[in-house]
Structures are given as C-alpha cells and as structure tokens.
Amino acid sequence: MMQTVLIIVSVLLSLAAAGTIYRIAKGPSLLDRVLATDVLLAIFAAGLATDMAINQHLENLVLMVSLSLIGFIGSVTVARFVSDKR
Amino acid sequence: MNTHVLLDSIAAICLIAGAMMSLAAAIGLIRFPDLLSRMHSATKPQVLGLLLMLIAVAIQLRSWALVPVLLIAWVFQLLTAPVSAHMVGRAGYRTKHLRKELLKVDELDEVVAAAAQYRASEYKEAAEAGESVEEAVGDQRGGPLPDDAETPAARVDEPEEEERVRRRRERE
Amino acid sequence: MKHPRVSLRQELPLVIWLVLIWGALWRDFSVGNLLFGALIALAITQLFYLPPVELSGRFNILHGISFTGIFLLQLVKASFEVFYLAVAQGPRLNNSVVAVQLRSSSDLLVTTTGHVISLIPGSLVVEVDRSTSTLYLHCMNVGSTEEADQVRNRVRGVEVRLIRAMGSREELELVRREVDGHTDTEWPSATGRKEDHS
Numbered sequence: 001m002m003q004t005v006l007i008i009v010s011v012l013l014s015l016a017a018a019g020t021i022y023r024i025a026k027g028p029s030l031l032d033r034v035l036a037t038d039v040l041l042a043i044f045a046a047g048l049a050t051d052m053a054i055n056q057h058l059e060n061l062v063l064m065v066s067l068s069l070i071g072f073i074g075s076v077t078v079a080r081f082v083s084d085k086r
Numbered sequence: 001m002n003t004h005v006l007l008d009s010i011a012a013i014c015l016i017a018g019a020m021m022s023l024a025a026a027i028g029l030i031r032f033p034d035l036l037s038r039m040h041s042a043t044k045p046q047v048l049g050l051l052l053m054l055i056a057v058a059i060q061l062r063s064w065a066l067v068p069v070l071l072i073a074w075v076f077q078l079l080t081a082p083v084s085a086h087m088v089g090r091a092g093y094r095t096k097h098l099r100k101e102l103l104k105v106d107e108l109d110e111v112v113a114a115a116a117q118y119r120a121s122e123y124k125e126a127a128e129a130g131e132s133v134e135e136a137v138g139d140q141r142g143g144p145l146p147d148d149a150e151t152p153a154a155r156v157d158e159p160e161e162e163e164r165v166r167r168r169r170e171r172e
Numbered sequence: 001m002k003h004p005r006v007s008l009r010q011e012l013p014l015v016i017w018l019v020l021i022w023g024a025l026w027r028d029f030s031v032g033n034l035l036f037g038a039l040i041a042l043a044i045t046q047l048f049y050l051p052p053v054e055l056s057g058r059f060n061i062l063h064g065i066s067f068t069g070i071f072l073l074q075l076v077k078a079s080f081e082v083f084y085l086a087v088a089q090g091p092r093l094n095n096s097v098v099a100v101q102l103r104s105s106s107d108l109l110v111t112t113t114g115h116v117i118s119l120i121p122g123s124l125v126v127e128v129d130r131s132t133s134t135l136y137l138h139c140m141n142v143g144s145t146e147e148a149d150q151v152r153n154r155v156r157g158v159e160v161r162l163i164r165a166m167g168s169r170e171e172l173e174l175v176r177r178e179v180d181g182h183t184d185t186e187w188p189s190a191t192g193r194k195e196d197h198s
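Protein chains in written order, with my numbering: chain F, 1 to 86; chain R, 1 to 172; chain C, 1 to 198.
Here chain F stands alone, though its shape is the one from the complex (with noise of 0.2 Å):
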C-alpha cells in the first residue's frame, strides 16, 4: 500500500513544484519570486517528511527543523531590501 501512496504522493508534488517554478520564472515581481521560491522551500520539507514516513527512518529530522527555524530568513532578507524597481 505504501507504495502506492508514495507514487501519488510525488505526483502531487511534482505538481505542486511545477507551478511554483513556473511563478518564479514568470515573476512578474522580484516579491512573487521570492513568495514562490518560499512556498518551493516548503514542498522540499513535504519530500523530505514524505521519504521518513515511507522509508521509516529519521534521518532528515535535523534538516526538517532547521528548515522550519530558519526557512523564513530568505524571504525577509529580500523584502527588507527590496527596491522600488520591478
């Protein structure tokens, strides 16, 4: 069964890559980019619980919560400085 689960798994998420690469390609903003890239972040995380759950083991845990601590920095960094020009 769980392999099953885990094809449709990754299809979904494959999707789910997809169109966010698609938003940061398309923009059309610097902001939308960094929106995208964000929510991209957030699907690698989903992988990576995804390849624990199936495979039973633990060892992206240390990754997984460094990612959820410092994932957002990015984000802020860039919208702190961003300027004015598109």
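It is possible that part of the hints are untrue.
[Stated by the list, open to error] Derived, one-sided and incomplete: chain R residues facing chain C with beta-carbon distance under 7 Å:
hint: 1; residue: Ile-16
hint: 2; residue: Ala-17
hint: 3; residue: Met-21
hint: 4; residue: Leu-36
hint: 5; residue: Met-39
hint: 6; residue: Ser-41
hint: 7; residue: Lys-44
hint: 8; residue: Pro-68
hint: 9; residue: Ala-85
hint: 10; residue: Tyr-93
hint: 11; residue: Val-112
Don't read these hints as lab results, they were simulated from the structure. Each residue gets a CB set at the ideal place from its N, CA and C atoms; glycine is no exception.
Go by the hints and put chains R and C onto chain F.
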C-alpha cells in the same frame, strides 16, 4: 483489520492530504491575480500541510518520543511563516507592487494619503521659512532605518517624496 | 555590560522554553539531560542579551486550551478556503485592506493577535501601527464595507479570546465591562473618525 493496517491508512491519508495542501499553495500561486493574494496561498496551506506530514511521520515510526521534536518543528513553522508573509506583504505595499484596482476597500490608503499631505505641507513650510530642502529631508530621515514599530505612514511614500523634492529643487 | 540587567525571574520563561527545546531535540527528557540543558540555557541567556518579553503575568489554562482548539480548526478551514478560492475564483477575486484597532497596547498581545489572524481564514497583516495598536489586514474575498466590518468584528473576537487566555488584568477588566455593556462599543477607525458599529 488490525491496528497496524489502521495506522498505516491514517498515515497514508495524512500524507496525501499534506501533498494536496502543497498543490493548493501552488495552484494559488499560479491563479491569484496579485502579490498580496498570492501571499495567502503561500502561508496557510503550507502550515497545515507540514502538520499533516509530521503526523504521518510520527504514526509511521510508531514513536511517542518523536512527538516533541516534530511539535517543535511545527511550532517554529507556525511562528515564522506569518513573519515572512508579513515582511513580503509590507514591502509589496510600500513599493507599489500592489494592484490597487483589485482592492475594493483600502483603509490604509487613506492613512498614507493623509500622511503624505501632512508631510507635503511640512515641506512647504520649511521651504517658505527659507530652510534648504535637504535639511528638512534630513530631519525626517535621520539615523538608520527605524524598526517595525513606526507608524505605517511615516515612510511609505518615500519614492514619491523624493520625486517631489527633486522637482521643487529643479524649479528653484 | 551596557545592557540593563535582567532579573532571573524575568528570564525564567525563556530558560524553561530553551530547556524544553533541548529535551525535545535530544528526544530525551531524563533529569540529567534536562539539567545539562538548563546549564546551557542559563549560559546563553547570560551571554547573549535579549530584551525581555513583557509577559502579563497571568495565564488561564482553560481559555488557552479552548483557544488552541478553535485556532487549529480555523487553520484547517483557512487552508481549504484558500484551496477553494484558488480553484473556484482564481483571478476574479475581491480583496480589501482593512484597518482594525485593537484594545490592547501590549506588544506581546498585538504580535500574537497578528500572528493568529495571519493564519486564520482570509486575513494577513500588511502593516502595523504600534502607537495606536492598529493592524492593517489584507483580506481575501472581502468586497464591501459590510464585509470589512465583519472582518473587524472577527479580529476583535480573536483578541478577546487571547486576552482571556493571556492578557493582563486591566485588559481583562476592559473586556468584561464591554461584555456587560457598560461602555459603548464605538471604536474610532484608523483615520480618527468615529464609526458606527451598531
């Protein structure tokens, strides 16, 4: 039907629902018309999606000792996601990434306009009193960037102000 | 050290929080591990200065639990609402920026309220005015002033719940009097003029 199968199915449902949440965020990013509404789809589903995924991890590994770590991972996500969304939104509003025509009600706009008018009158007074415009600008913007606790109207319209000051200097 | 000294009692919540994180990260809540964690937490709080968070000094566990439950439900609802709006409405979306003035002037409570309403359906904080503790929210699917008033009421409701859970006694008194109807519930809007909330 034993508990093993039951727990597995719950984990499977959580995983698929979590992946659906990521997809919801992506669909929102693609379909919403402006930055501020895209921000909603970047914040909310991601928090719930991570929660569901972490529940699935805890169930699959059948371990209570794991719950505090996962809870901490989630709480940090909960604390940081609105911060980044707020910073992006704030920058978006201030740098005119906003599409005003999409807003039906805008109560911040009134405040910004009032503050801009107030500051414009101050510039006028300064100019009439014979001070150089630079001094007036320097007074208002002295020191490093103030922290988040300032009034919203104080700095929002800087590009426009700069433009205004530049024009006035050209006239003189 | 130039910083004003912070008393140990003020630091205590932070130290306890750090010790809990330490235990959770090691997945080991034995006494020895926690003691070592407490040692590290004390060293960190003494070495790296942080301005202390001003807690109100009271916390109602019952209200806290009910608030957490409602918050989790709202979180689920928010995600599905975003999903629905993205699929069903997409580009044809009515948005608004709404000013909400909060009762409390405590930084902690304003911040918590802002966080919570960023995660419940339909609203996100765009701008904060600390001097008048006014939040400017971006609201999805809000197209008229009546709906904006609904948002305002909802946000003030969240604030009331938070005050009941963790607000100071003065704020609690304010809420109680308001519920009893002794004060008028007229709130000045952000631009200073009075608004009718009948």
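Structure-based check of all given hints:
no., hint, in the structure
1, Ile-16, "violated (14 Å)"
2, Ala-17, "violated (10 Å)"
3, Met-21, "holds (6 Å)"
4, Leu-36, "holds (5 Å)"
5, Met-39, "holds (6 Å)"
6, Ser-41, "holds (5 Å)"
7, Lys-44, "holds (4 Å)"
8, Pro-68, "holds (4 Å)"
9, Ala-85, "holds (6 Å)"
10, Tyr-93, "holds (5 Å)"
11, Val-112, "violated (9 Å)"
Comparing the model with each earlier hint shows violations of hints 1, 2 and 11; every other hint is respected.
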